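Novice: Here is what each chain is made of, one letter per residue.
Number of protein chains: 2
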Amino acid sequence: MKVVALSGGVGGARLLDGLARALDPGALTAIVNTGDDFVHLGLCVSPDLDTVMYTLAGLAHEERGWGLAEETFAGLGMIKRYQGPDWFALGDRDLATHLLRTEALRSGVSLSSITARLCGALGIAQRVLPMSDAPVRTMIETTGEGTLPFQQWFVRRRAEPPVRAVRFEGERVPAPGVVAAVDACDFVVVGPSNPYVSVDPILCLDGVRDAIARKPVVAISPIVGGAAIKGPLASMIRELTGQAASAGAVARHYGGLVRAMVVERGDEETVASIPVLGASTVMRSRDDRLRLAREVLAFAAKALS
Amino acid sequence: MKVVALSGGVGGARLLDGLARALDPGALTAIVNTGDDFVHLGLCVSPDLDTVMYTLAGLAHEERGWGLAEETFAGLGMIKRYQGPDWFALGDRDLATHLLRTEALRSGVSLSSITARLCGALGIAQRVLPMSDAPVRTMIETTGEGTLPFQQWFVRRRAEPPVRAVRFEGERVPAPGVVAAVDACDFVVVGPSNPYVSVDPILCLDGVRDAIARKPVVAISPIVGGAAIKGPLASMIRELTGQAASAGAVARHYGGLVRAMVVERGDEETVASIPVLGASTVMRSRDDRLRLAREVLAFAAKALS
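Taken in order, these protein sequences are the chains called R and A.
Residue 5 is where the first sequence starts when you use the working numbering, and the numbers rise one by one after that.
Residue 5 is where the second sequence starts when you use the working numbering, and the numbers rise one by one after that.
Hints listed in this document are in silico derivations from the structure and should not be mistaken for laboratory results.
Any given hint could turn out to be false.
The list treats identical chains as one, so a pair stands whether inside a single copy or across any two.
Mimicking DSBU-like on lysine-lysine, the simulated pairs with C-alpha atoms at most 35 Å apart in a straight line are [claimed, not checked]:
no.: 1; residue 1: K84; residue 2: K219
no.: 2; residue 1: K6; residue 2: K84
no.: 3; residue 1: K84; residue 2: K306
no.: 4; residue 1: K84; residue 2: K234
Everything numeric in this text was worked out from a predicted model, so none of it was measured.
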């Protein structure tokens, strides 16, 4: 069985970790959002790729949801001392990732190649593909503060300015292997990631949505009981659709693309017209990830066959 | 009284610290070698400027002679884990300096401007000038291993390949203010730095040697009792001149430029034909730096008047 999973940061990454352990090595390909990527202090930072990589390597900080466990911030302290830009928390170990990636990109190596090399060095057996080697950038059109690049809105402005629209800038070319991996898979899992800023950037790439539409697709809701587990999704749904946040609103956003949904137990009835599995979707421990991944796989095998 | 001091790394930096405390604020201008500067992992590293800056700010690691006190190396550990280039020891706090400098240089800010900005943020009252805003690079012609950039020879090859010649590549333009600072000073102090790879790069710049030659100049010998306090100078003297290493060999190298020498007590008679002061030149403590600086200033006032 071959599975492709679409992922943003923490929620998607945790499900990937469960899927990686539930499946044979080589069965899982992760396609990871790079719409949030940005350049900070001259470093090419790929927040979702890093979260996925650190999570699959067992190195992620469990509670924080970003960065490495046992991370230190001595360099950031010195940046503050120099009155440099300290709004993005660069960890000391994390900096090594950014430095090696940036040097590779500057010397003409593609993002997918350096990602494969870094994942290999961390012992990750699964295939981790950035959605694109080209810079595709998620832009947030806000009410009151104009259009902001994603990280400026999300980190620097703490996701406070209301969102009027989300758009993507840049050449919409998927990375080598992305469409082929979808074509070769048995089904696609859309992780519990933000549909607007984590999954849509992947779906907007040339040929990707069409390739996924030819496959059975199951999505896991990032909305639990009307709230987002993490991040600004709940208010984005309200601002962008006028609807209350619910698993059903996520299902409606994906429209005909998603053929089955896994939602938090109790949220089942917000989803109409496609098969729904109620499960415990909040992954607090590594065991939770594996259990949820197994439930998703079993449900997909049944509902999508 | 206005003093210009030429400096390489640790020895020169320690004397600068003594001079800074012995003189009125504003009386001292340091002109610092940048021939060792290099690009590592995409970062513009200026080892001697950093050592001078950290030393004048009271932040330098006292025993090690490079980098910051209480430095950590978490990022370097992660670079190793990625099998990245780990031959140059980047500290976590030190990285902040390289990141901010590199970003400034890439955005078109000059090395002298970003140096002034970083020194200002660290509370350094003295003027610290890089010798040049242009890349002037010290190249080591070796016996057996061809020509190596300085850091490749010094750090990566541990200064082991014998030196046949030292040459400088790049446009030999002094940084703004360098010649004017020399012109405006009462005398020039050549710090206890390596004449071939720390002081000659400064002297080779257009107009600098001539400007210095118009001033009284006192040099402090980096050779003590026939050995270098730190670094590869003793073997370089043997390889480049066929002479034994001595304070006198350093004086002869500078020729007519230097009009008085401060040497370790007992080394006086290796120097012929110019006034010599015997002193305790090895600076083990911060008190040693201040004492030596005061002796150098008093001797210069007497010998050069």
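Novice: Run every hint past the structure and note whether it holds.
Specialist: Evaluated hints:
1. K84 <-> K219: neither (49 Å within a copy, 41 Å between copies)
2. K6 <-> K84: between (47 Å within a copy, 33 Å between copies)
3. K84 <-> K306: neither (54 Å within a copy, 45 Å between copies)
4. K84 <-> K234: both (28 Å within a copy, 33 Å between copies)
Going through the hint list in order, the structure does not satisfy hints 1 and 3.
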